[in-house]
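> Each chain is listed here by its residues.
There are 2 protein chains.
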Amino acid sequence: MNLFDQVRRITLIEQISSVLSWDQETYLPSKSAEYRANQLSYLAAHAHELSTSESYLSALAKAEAENLGTDPTHSANLRELRRKSDRAGKISTELVARESSIESAAHHAWIEARRQSDFSIFAPHLQSLVDIALQKADLWGFPDEPYSALLEGYERNTSSQEIAKLFDTLQDRLAPISAAAVEKSKSLNPSLPEGIYPLRAQQDFNAAVAAEMGFDFHSGRIDTTTHPFCTTLGPQDIRITTRYDLNDFTSSLFGIMHEVGHGLYEQGLPSDDFGLPSGSAVSLGIHESQSRLWENQIGRSAAFWNKFYPIAKGYFPQLKDFPLEKFLHYINRAELSEIRVEADEATYDLHIILRFQIERMLLKKEISIKDVPATWNALFEKSFGFQPKDDAHGCLQDIHWSMGGIGYFPTYTLGNINAAQLFQAAVSDPKIKSATEEADYTPLLAWLRKNIHHHGATHDPADLMLLATGHAPDTHDYLKHLTTRYL
Amino acid sequence: MNLFDQVRRITLIEQISSVLSWDQETYLPSKSAEYRANQLSYLAAHAHELSTSESYLSALAKAEAENLGTDPTHSANLRELRRKSDRAGKISTELVARESSIESAAHHAWIEARRQSDFSIFAPHLQSLVDIALQKADLWGFPDEPYSALLEGYERNTSSQEIAKLFDTLQDRLAPISAAAVEKSKSLNPSLPEGIYPLRAQQDFNAAVAAEMGFDFHSGRIDTTTHPFCTTLGPQDIRITTRYDLNDFTSSLFGIMHEVGHGLYEQGLPSDDFGLPSGSAVSLGIHESQSRLWENQIGRSAAFWNKFYPIAKGYFPQLKDFPLEKFLHYINRAELSEIRVEADEATYDLHIILRFQIERMLLKKEISIKDVPATWNALFEKSFGFQPKDDAHGCLQDIHWSMGGIGYFPTYTLGNINAAQLFQAAVSDPKIKSATEEADYTPLLAWLRKNIHHHGATHDPADLMLLATGHAPDTHDYLKHLTTRYL
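Chains A and P, in that order, are what the protein sequence lines are.
For the first sequence, position 486 (counting from the first letter as 1) is numbered 486 according to this note's numbering, and the numbering increases by one without interruption.
Counting from 1 along the second sequence, just add 487 to a position and that's the residue number in this note's numbering.
Please note: incorrect hints may appear among the correct ones.
Straight-line Cα separation of at most 20 Å, SDA-like style, residue types lysine to any residue; simulated pairs [what the hints assert, rightly or not]:
1. A:Lys31 with P:Phe704
2. A:Lys31 with P:Ser505
3. P:Lys518 with A:Leu12
4. A:Lys31 with P:Arg708
No lab work stands behind these hints: they were computed from the structure.
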């Protein structure tokens with residue numbers, strides 16, 4: 001079987017895992033968790049076995065030898081498959097299966113630990129997760145520190161020292177903006193009209209917005225979960241989930257706009273190349289730029305609500321006499337909260353920087369697992385001026401570590417930075433600017449399709465940003481956006 | 488890896504297919520059908536490869552050689568695994584994958600053919616399905632006719648000649664009962680009060696009934712589909728689906744009671760032996776006996792409704808002044824209809840016998856594919872006195888052939904026969920009889936658990952019936968039941 005057929009077969013198996021994971025988060029009966037974990041572990045090992053097999057390696061070598069170098073997409077595909085293969089080849093199938101089991105157990109322990117706000121329940125699992133992360137980093141190798149080896153899996157060709165530098169600058173510049181934004185927001189006393197925002201009305205309004213953004217419901221769907229996410233189950237099967245707050249329809253709406261941003265990226269990838277690098281998302285930092293662009297640059301803008309606020313009133317009668325201006329204050333309020341997923345734009349990155357610092361200290365062994373809660377609380381107080389009320393609202397709040405996602409957090413802030421930069425580049429075209437001001441997003445989506453989606457993973461993320469915007473990612477547009485919106 | 492570990496691993500993979508199939512029927516976006524078909528085809532081939540591998544065969548031979556014969560369950564497991572292995576070994580992995588592709592294409596063609604009521608769209612696919620069925624029957628071998636080799640996959644150790652004999656008797660005795668039941672029912676002019684039976688109220692009432700029957704919602708769930716079914720996704724994951732008629736709550740209710748009957752069997756199998764014969768359902772004829780027992784023996788009985796009619800009135804106010812007696816006439820009405828899935832107990836088997844006859848003629852090559860509609864209509868007229876209005880209401884109405892299920896239909900009637908016989912045996916215990924008359928089904932379920940569920944597939948279906956009821960399956964109790972209920 002030739003290389004690309006083998007790649008497509010491995011992808012087919014990986015997408016089977018995605019179906020099982022999606023079902024696990026949405027519909028799985030409680031007693032079936034263990035069996036499902038065994039199925040996922042089997043599939044992970046099976047896919048890994050195929051992607052490190054003799055047959056795969058020789059097909060890759062053959063394709064490389066036969067490559068004439070005249071087709072840049074083909075060359076990029078081979079280059080990225082080689083990168084992936086070299087990385088996978090350093091990890092044994094046994095380690096993949098063991099990691100999957102550790103993550104399943106850790107995930108259950110984390111749920112219980114968070115429920116009881118008892119870090120000691122999660123601590124031994126976090127130790128195993130960090131141990132296995134370090135083991136993998138050692139196998140993969142790294143130029144500077146283990147963190148870079150983990151980050152590579154989410155954001156290729158990006159070192160943790162670059163991130164540290166970027167985040168240091170950001171933190172310095174962000175601190176006064178956040179503080180001022182919070183002060184200003186407090187003075188506006190933002191609120192939303194009371195009364196139930198019915199589930200069905202929320203679902204219908206969200207679906208109308210998603211369709212307007214360009215989401216294809218014949219290639220995707222929306223379901224309900226505790227933790228909103230977007231996942232790809234196949235080239236024409238993009239699933240979004242959200243949760244509903246009956247007292248605040250904007251909670252599910254911004255969740256949907258965020259996840260639809262991810263979904264549009266997935267639906268916009270070249271579907272004939274599904275599974276190949278040229279048909280795959282390039283990195284989490286680029287992925288998150290798509291979700292944050294739609295959620296924040298668009299979803300919290302006055303232009304969007306000039307069109308959609310009257311429509312929202314049709315779904316939610318209590319908005320009828322509530323002025324648009326006050327509504328905009330509400331959805332753009334800034335406040336210092338303990339919970340990352342509830343944080344606003346002006347303070348969100350402070351949460352990310354804190355997590356990056358803790359992960360890095362753990363991997364450098366500057367702190368040990370038992371120090372995590374105290375370190376978290378101390379760093380949190382430095383940025384936010386108070387301590388979380390308990391670990392459930394502190395170091396136990398996020399799902400990521402429990403799923404083995406150490407090194408993942410920085411990509412959220414990269415996403416914010418990229419989103420602002422991409423949006424600025426897009427609206428520098430007067431046609432896109434004027435359409436966007438009329439809340440017509442067809443030209444904007446077309447720009448994203450052409451400049452981001454259609455490239456798949458053929459360029460490094462930083463190069464893709466350079467090609468799309470004319471400069472490598474920096475914080476300029478993002479800080480300008482925050483200043484304009486919040487101050 | 489020892490034999491049982493290998494069996495469990497193959498089961499694990501087969502259950503992954505079940506997850507994908509369930510999702511395909513419930514939530515899959517329309518454009519993703521082809522990719523899903525490829526995934527299912529891959530998994531079918533992969534599972535088949537493992538179950539016919541050298542490693543599997545030698546583990547089986549080793550276990551057989553080491554078997555001391557002192558543990559009857561262990562011996563039964565080895566005997567049944569040998570039977571399955573010999574059968575699987577005769578089919579190539581290539582044939583399994585090809586069959587899966589043919590079925591996917593046939594299924595889509597059937598949907599379209601039924602929609603347009605145009606048999607010619609489905610005909611070439613049906614030809615391929617019959618060809619592959621005959622090819623498999625030849626590979627498997629048979630003592631009498633190819634039909635038996637196919638039937639063996641659903642109802643082991645049962646020949647098509649036995650079925651033919653049983654059905655001939657049944658048809659002769661059933662014809663006058665059906666005719667009289669239809670006449671009598673017509674004179675009662677059965678009806679249900681008009682007005683919408685709201686979806687949510689139907690779902691809540693159904694769930695209450697399912698729980699009362701003993702269905703464990705921590706090991707299962709109910710979703711919505713066009714075609715109701717019950718499927719097992721793991722040892723603690725039994726999924727039921729139904730559809731809703733807003734003008735008639737009894738449609739989804741009896742659908743649920745039927746599928747919950749299947750679900751209770753699956754939930755009652757020894758879960759530690761999941762994947763082994765001792766932890767598996769024995770046959771479709773026994774499976775269907777469980778669903779039909781709960782749907783018909785229980786669900787359409789006066790005893791059930793003495794308890795549940797007042798409860799139903801709480802959900803559906805329009806029943807308030809409608810007498811129970813008239814309601815019982817409605818749910819036990821008999822009529823000559825074209826559609827099998829809407830048929831009542833008194834006429835259902837006439838539909839099955841017709842399908843059995845046509846399948847048998849096709850496999851014996853007594854008729855060709857193009858003759859199917861005319862043969863169907865002629866046989867239908869003989870039994871029902873009129874012809875279906877079109878092929879969508881005739882030979883295109885059922886999903887089974889399009890999914891490769893040739894030889895499957897007879898098990899429905901076996902289920903009806905077994906259900907009556909099991910119910911009679913159970914209520915011959917006075918304690919079970921009196922509890923059942925009070926609509927307390929705990930003792931009945933305990934009897935089914937002990938006499939059917941706990942045995943898994945360690946006995947042949949006919950032997951299991953003999954052990955549970957004292958005699959091999961015959962039509963006596965069933966005909967008596969129909970006579971009592973309808974005449």
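> With reference to the structure, classify each hint as holding or not holding.
Status of each hint after checking the structure:
no., hint, in the structure
1, A:Lys31 with P:Phe704, "9 Å, holds"
2, A:Lys31 with P:Ser505, "17 Å, holds"
3, P:Lys518 with A:Leu12, "16 Å, holds"
4, A:Lys31 with P:Arg708, "12 Å, holds"
When each numbered hint is compared with the structure, no violation occurs for any of them.
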